[in-house]
Amino acid sequence: MTTIGIGLDTVERAQSTPEELQPYEELGLRAEEYERIREILGRRPTESELAMYSIMWSEHCSYKSSKVHLRQFSEKAPPSDALLAGIGENAGVVKVADDLAVTFKIESHNHPSYVEPYQGAATGVGGIVRDILAMGARPVAVLDPLRFGAAHDPDTARVLPGVVSGIGGYGNRLGLPTIGGEIVFDPSYQGNPLVNALCVGVMPVRRLQRKAASGPGNIVVLLGAKTGRDGIGGVSVLASSAFSRESEQRRPAVQVGDPFLEKLLIETCLELYEADLVVGVQDLGGAGLTCALSETAADAGTGMDVRLEKVPLREPSMAPHEVLASESQERMLLIVAPEHLDAVKQTADRWGVTATSIGVVTDTGRLKITWYGETVVDLPPASLADDGPVYARPMREPGDRVLLHADRAETLPRPVDGDALRETVLRMVASPNLCDKSWVTEQYDRYVLGNTVAAQPENAGIIRVDEETGLSVAVSVDGNGRYTRLDPYTGAQLALAEAYRNVAVAGATPLAVTNCLNFGSPEDPAVMWQFAEAVRGLADGCATLGIPVTGGNVSFYNSTGAAAINPTPIVGVLGVLEHAEQRIPMGFAEAGDIIFLLGETREELSGSEWAWVTHGHLGGLPPKVDLLAERRLSDVIRAANQLGLLRTAHDLSDGGLAQALAEACLRNGYGATVQLPSGSAFVHLFSESAGRAVVSVPLGLEKAFTNLCEEHEVPWQGLGVVGNAGAPLEVAGEFTIPLAELRQAWEATMPALFATPLAQPLDDDTEPPAAA
Amino acid sequence: MKVGVVTFPGSLDDGDAARAVRLAGAEPVRLWHAEPDLRGVDAVVLPGGFSYGDYLRCGAIARFAPVMEPLADAAEAGLPVLGICNGFQVLCEAHLLPGALTRNAHLHFRNRDVRLRIESNHTAWTTGYDVDQEIVVPLKSGEGRYVADQATLDELEATGRVVARYAGPNPNGSMRDIAAISNAAGNVVGIMPHPEHAVEALTGASTDGLSFFTSVLKHLAGAAA
Numbered sequence: 003m004t005t006i007g008i009g010l011d012t013v014e015r016a017q018s019t020p021e022e023l024q025p026y027e028e029l030g031l032r033a034e035e036y037e038r039i040r041e042i043l044g045r046r047p048t049e050s051e052l053a054m055y056s057i058m059w060s061e062h063c064s065y066k067s068s069k070v071h072l073r074q075f076s077e078k079a080p081p082s083d084a085l086l087a088g089i090g091e092n093a094g095v096v097k098v099a100d101d102l103a104v105t106f107k108i109e110s111h112n113h114p115s116y117v118e119p120y121q122g123a124a125t126g127v128g129g130i131v132r133d134i135l136a137m138g139a140r141p142v143a144v145l146d147p148l149r150f151g152a153a154h155d156p157d158t159a160r161v162l163p164g165v166v167s168g169i170g171g172y173g174n175r176l177g178l179p180t181i182g183g184e185i186v187f188d189p190s191y192q193g194n195p196l197v198n199a200l201c202v203g204v205m206p207v208r209r210l211q212r213k214a215a216s217g218p219g220n221i222v223v224l225l226g227a228k229t230g231r232d233g234i235g236g237v238s239v240l241a242s243s244a245f246s247r248e249s250e251q252r253r254p255a256v257q258v259g260d261p262f263l264e265k266l267l268i269e270t271c272l273e274l275y276e277a278d279l280v281v282g283v284q285d286l287g288g289a290g291l292t293c294a295l296s297e298t299a300a301d302a303g304t305g306m307d308v309r310l311e312k313v314p315l316r317e318p319s320m321a322p323h324e325v326l327a328s329e330s331q332e333r334m335l336l337i338v339a340p341e342h343l344d345a346v347k348q349t350a351d352r353w354g355v356t357a358t359s360i361g362v363v364t365d366t367g368r369l370k371i372t373w374y375g376e377t378v379v380d381l382p383p384a385s386l387a388d389d390g391p392v393y394a395r396p397m398r399e400p401g402d403r404v405l406l407h408a409d410r411a412e413t414l415p416r417p418v419d420g421d422a423l424r425e426t427v428l429r430m431v432a433s434p435n436l437c438d439k440s441w442v443t444e445q446y447d448r449y450v451l452g453n454t455v456a457a458q459p460e461n462a463g464i465i466r467v468d469e470e471t472g473l474s475v476a477v478s479v480d481g482n483g484r485y486t487r488l489d490p491y492t493g494a495q496l497a498l499a500e501a502y503r504n505v506a507v508a509g510a511t512p513l514a515v516t517n518c519l520n521f522g523s524p525e526d527p528a529v530m531w532q533f534a535e536a537v538r539g540l541a542d543g544c545a546t547l548g549i550p551v552t553g554g555n556v557s558f559y560n561s562t563g564a565a566a567i568n569p570t571p572i573v574g575v576l577g578v579l580e581h582a583e584q585r586i587p588m589g590f591a592e593a594g595d596i597i598f599l600l601g602e603t604r605e606e607l608s609g610s611e612w613a614w615v616t617h618g619h620l621g622g623l624p625p626k627v628d629l630l631a632e633r634r635l636s637d638v639i640r641a642a643n644q645l646g647l648l649r650t651a652h653d654l655s656d657g658g659l660a661q662a663l664a665e666a667c668l669r670n671g672y673g674a675t676v677q678l679p680s681g682s683a684f685v686h687l688f689s690e691s692a693g694r695a696v697v698s699v700p701l702g703l704e705k706a707f708t709n710l711c712e713e714h715e716v717p718w719q720g721l722g723v724v725g726n727a728g729a730p731l732e733v734a735g736e737f738t739i740p741l742a743e744l745r746q747a748w749e750a751t752m753p754a755l756f757a758t759p760l761a762q763p764l765d766d767d768t769e770p771p772a773a774a
Numbered sequence: 358m359k360v361g362v363v364t365f366p367g368s369l370d371d372g373d374a375a376r377a378v379r380l381a382g383a384e385p386v387r388l389w390h391a392e393p394d395l396r397g398v399d400a401v402v403l404p405g406g407f408s409y410g411d412y413l414r415c416g417a418i419a420r421f422a423p424v425m426e427p428l429a430d431a432a433e434a435g436l437p438v439l440g441i442c443n444g445f446q447v448l449c450e451a452h453l454l455p456g457a458l459t460r461n462a463h464l465h466f467r468n469r470d471v472r473l474r475i476e477s478n479h480t481a482w483t484t485g486y487d488v489d490q491e492i493v494v495p496l497k498s499g500e501g502r503y504v505a506d507q508a509t510l511d512e513l514e515a516t517g518r519v520v521a522r523y524a525g526p527n528p529n530g531s532m533r534d535i536a537a538i539s540n541a542a543g544n545v546v547g548i549m550p551h552p553e554h555a556v557e558a559l560t561g562a563s564t565d566g567l568s569f570f571t572s573v574l575k576h577l578a579g580a581a582a
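Residue numbers (the working numbering), protein chains in the order written: chain X, 3 to 774; chain U, 358 to 582.
Heads up, a few of these hints could be off.
Claimed, not checked - Short, incomplete list of chain U residues facing chain X, as computed with Cβ under 7 Å:
1. 366
2. 367
3. 420
4. 421
5. 465
6. 469
7. 472
8. 493
9. 495
10. 497
11. 560
12. 563
As the list claims (entries may be wrong) - Counterexamples of contact, computed for chain X against chain U with all Cβ distances above 12 Å:
13. 20
14. 177
15. 341
16. 352
17. 355
18. 406
19. 445
20. 447
21. 474
22. 677
Calculated directly from the structure, the hints in this document are not laboratory data. The model shown is predicted, which means the values in this text are computed figures rather than measured ones. Cβ atoms here follow ideal geometry from the backbone N, Cα and C, with glycine treated the same way.
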């Protein structure tokens with residue numbers, strides 16, 4: 003630290019010591035970026051200012067490598083009058099009824115979750131929840147797409163249980179149902195798990211909040227937790243550079259969460275919004291006060307005088323630059339008119355939350371921060387928030403692309419007869435990516451708030467947002483890193499198609515998109531090319547499907563050493579159901595119902611779960627994507643559902659038809675007898691062609707249903723009938739698997755991998771130890 | 358009929374308890390932890406959640422909340438009180454019910470639809486059930502393992518105060534599969550699973566839980582008659 007022994011680095015001092023060396027490189031700034039800061043300020047930055055620029059100009063906060071590409075989401079977006087707030091706000095807001103809006107956004111917390119799985123995942127949930135809260139909404143549900151290294155790797159046994167308890171430990175205590183997500187294993191995530199979290203919120207339209215610190219004379223209030231040294235450098239250090247061995251020593255850079263306080267913060271903020279007591283609000287997440295102060299002032303085009311010593315500290319010895327950089331959790335920044343200050347403090351006090359005036363909005367256009375009377379920061383806030391560097395990074399197609407595409411999975415050895423197919427089905431349902439995930443999802447509360455209409459393992463999570471009208475929203479998050487590795491443009495569209503399809507087969511009309519783009523280092527031209535292609539694919543796809551991207555998050559530097567993760571865009575699609583009763587469950591529910599396969603099956607095995615599980619193979623081209631066919635599928639499901647022609651529907655994705663049938667049977671314990679169409683039984687069972695779903699139709703309605711399919715130009719195949727409860731899954735002429743055997747294979751994997759031996763036996767009738 | 362629902366800081370299922378009360382046909386009245394006032398209610402639900410963050414020990418701080426003072430007195434005098442999940446933990450900490458709820462034997466939070474067998478319909482909250490009736494309600498807790506010393510367990514059994522047991526596999530290691538118990542008078546009941554999350558077909562595990570809330574109304578009507 004340059005200032006040790008010198009004292010406080012004030013603006014005055016910076017002016018008088020222009021040539022003092024500053025550790026900008028250690029803070030992640032490049033020489034030319036440092037020069038620009040000096041230009042903006044007309045002097046060298048103070049220690050505090052340097053810290054602020056290093057944070058706000060980091061990849062995580064400034065999107066400096068991704069900005070030039072992300073513009074497509076706005077430029078190509080289909081016109082939508084439902085969008086009340088879009089990209090650039092804390093979260094996108096979509097109007098779903100005259101007076102009701104829904105907000106949703108997804109974010110990553112990948113790096114912290116590797117360093118410290120429990121707190122990393124917990125604060126990931128906490129962070130996205132505050133984004134939603136900052137829009138004026140009550141958070142109502144969470145979904146968690148997760149990626150881990152190989153299931154059998156010992157480090158996965160460290161990371162996964164920690165991440166899962168972190169998500170549960172925070173989300174459950176906060177009173178938010180977890181209604182969906184994904185758990186995928188792949189060795190490319192070994193040193194770099196992905197922990198993404200999506201939060202959904204609901205609000206009356208009139209309660210929409212803005213972050214602008216408008217109105218000179220208004221008071222800047224810090225609400226919530228005390229500020230400590232936790233999380234300092236989280237975004238600039240952890241999230242903005244590649245992983246190395248030293249990362250493990252960066253534990254202090256991971257924040258520590260207190261879900262109890264966040265719950266109180268939610269109730270406090272909602273009461274303040276309802277009473278119309280705040281002018282502007284911004285959550286404190288990555289980059290802490292630095293980000294909140296500069297963004298709120300920049301958004302309003304105002305200035306701010308902040309007395310930093312008023313910030314309640316957990317550790318009194320903190321220096322001003324540490325207070326500004328701290329990522330302590332459970333804090334919100336409010337802009338309050340002076341006449342409402344007492345009322346704000348009373349509400350906070352009622353909930354036991356600290357509210358502290360730390361400054362005032364000015365018309366100077368300068369963010370001026372003092373520390374016990376001495377000025378340590380004096381800068382134009384937009385230079386931090388909006389004018390960060392923007393790079394058009396070099397891009398190059400990965401050198402192995404041609405060879406990768408030539409190495410097709412369609413040429414791999416296949417099961418040769420019915421017995422071999424039977425074995426393959428059992429092996430596939432037991433594989434880590436396809437097996438039952440109850441061991442994880444039972445650790446999440448899915449009931450709290452009493453509005454959960456559907457939760458994992460259903461196609462999409464469904465939350466009732468209006469108890470009187472029954473209006474509900476469905477959300478699904480999907481992504482397939484293998485597909486994106488093979489072809490990023492198609493892979494991103496396949497992720498979009500799957501999320502869209504999941505929402506549609508759950509009975510909802512898809513409405514809006516959020517995304518979390520997890521990639522390797524942007525300084526690697528091959529990664530940058532993957533990123534650009536994926537963004538282009540997603541933007542084009544959203545335009546074709548007619549649903550806008552409302553916001554999202556980019557996570558770069560997901561690599562260990564030189565090895566990047568499979569590029570993993572996670573796409574969240576939100577849809578609407580006019581009434582919760584329109585939901586379509588996935589599991590067969592009535593013996594005698596007729597089973598149909600919708601969509602076209604091609605011989606598409608490259609990138610498939612089958613190729614990976616049975617051959618450890620990844621090569622070729624991913625399945626073809628036809629977004630217009632996805633739209634038709636979605637339309638026919640909706641039309642059939644409205645006419646009462648559908649009992650159940652389940653999308654086909656990883657593992658193909660075999661997996662979809664197994665899941666539809668196991669959900670409620672009904673068997674099925676199916677006859678595959680002519681051609682290779684193996685291809686019908688394991689191809690991962692997109693745009694397909696398996697549905698069951700009450701007996702007698704099948705003609706009406708197939709007529710509707712013809713009308714919508716959706717290919718259909720009669721597959722068979724739903725069996726009795728407890729009947730086996732039978733594929734005529736190939737094999738029969740008793741449900742108990744199928745269930746055993748499907749359910750045993752996760753507990754065998756991750757359950758710890760019981761600390762005490764169940765059914766314990768003995769006396770507890772006296773000292774318990 | 359008015360049924361109070363207490364909100365402690367960290368209560369999470371208070372809204373759900375209030376909804377269940379409403380669906381049962383009564384008027385829910387929200388009670389605030391910091392006010393020693395029961396506002397003239399005819400019965401009280403202590404809802405699920407993590408009161409005061411469940412720091413120190415589940416329910417240990419809530420037990421000292423100002424609202425608990427009049428509540429404990431009223432419970433002793435016969436006011437029907439139902440503690441669900443965290444509310445059960447609070448009742449045990451307040452010594453309105455015997456025993457304690459400890460960490461699940463498998464050490465994980467567990468959310469699962471569980472089958473319960475009703476063992477007693479002589480309490481204020483279970484008159485609408487038949488003895489041996491099986492119901493399905495969600496369980497969602499990390500510290501739901503009911504423990505007590507052998508003498509207490511024997512006494513609970515002997516006096517018909519085991520209100521419900523887990524009928525399927527024991528999900529948390531509770532002694533003698535106990536899911537719910539009552540005090541000697543039968544007006545105070547603690548239950549670990551969540552009947553308030555089984556009151557609507559669209560959102561619940563079933564609608565089997567509603568009878569807890571209609572039972573108490575019948576009980577109150579009977580007492581008034």
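Going through the hints against the structure:
| no. | hint | verdict |
| --- | --- | --- |
| 1 | 366 | 6 Å, holds |
| 2 | 367 | 5 Å, holds |
| 3 | 420 | 17 Å, violated |
| 4 | 421 | 15 Å, violated |
| 5 | 465 | 5 Å, holds |
| 6 | 469 | 6 Å, holds |
| 7 | 472 | 15 Å, violated |
| 8 | 493 | 13 Å, violated |
| 9 | 495 | 5 Å, holds |
| 10 | 497 | 5 Å, holds |
| 11 | 560 | 6 Å, holds |
| 12 | 563 | 12 Å, violated |
| 13 | 20 | 50 Å, holds |
| 14 | 177 | 3 Å, violated |
| 15 | 341 | 26 Å, holds |
| 16 | 352 | 8 Å, violated |
| 17 | 355 | 9 Å, violated |
| 18 | 406 | 41 Å, holds |
| 19 | 445 | 5 Å, violated |
| 20 | 447 | 5 Å, violated |
| 21 | 474 | 9 Å, violated |
| 22 | 677 | 34 Å, holds |
Of the hints listed earlier, those the structure fails to meet are numbers 3, 4, 7, 8, 12, 14, 16, 17, 19, 20, 21, in rising order.
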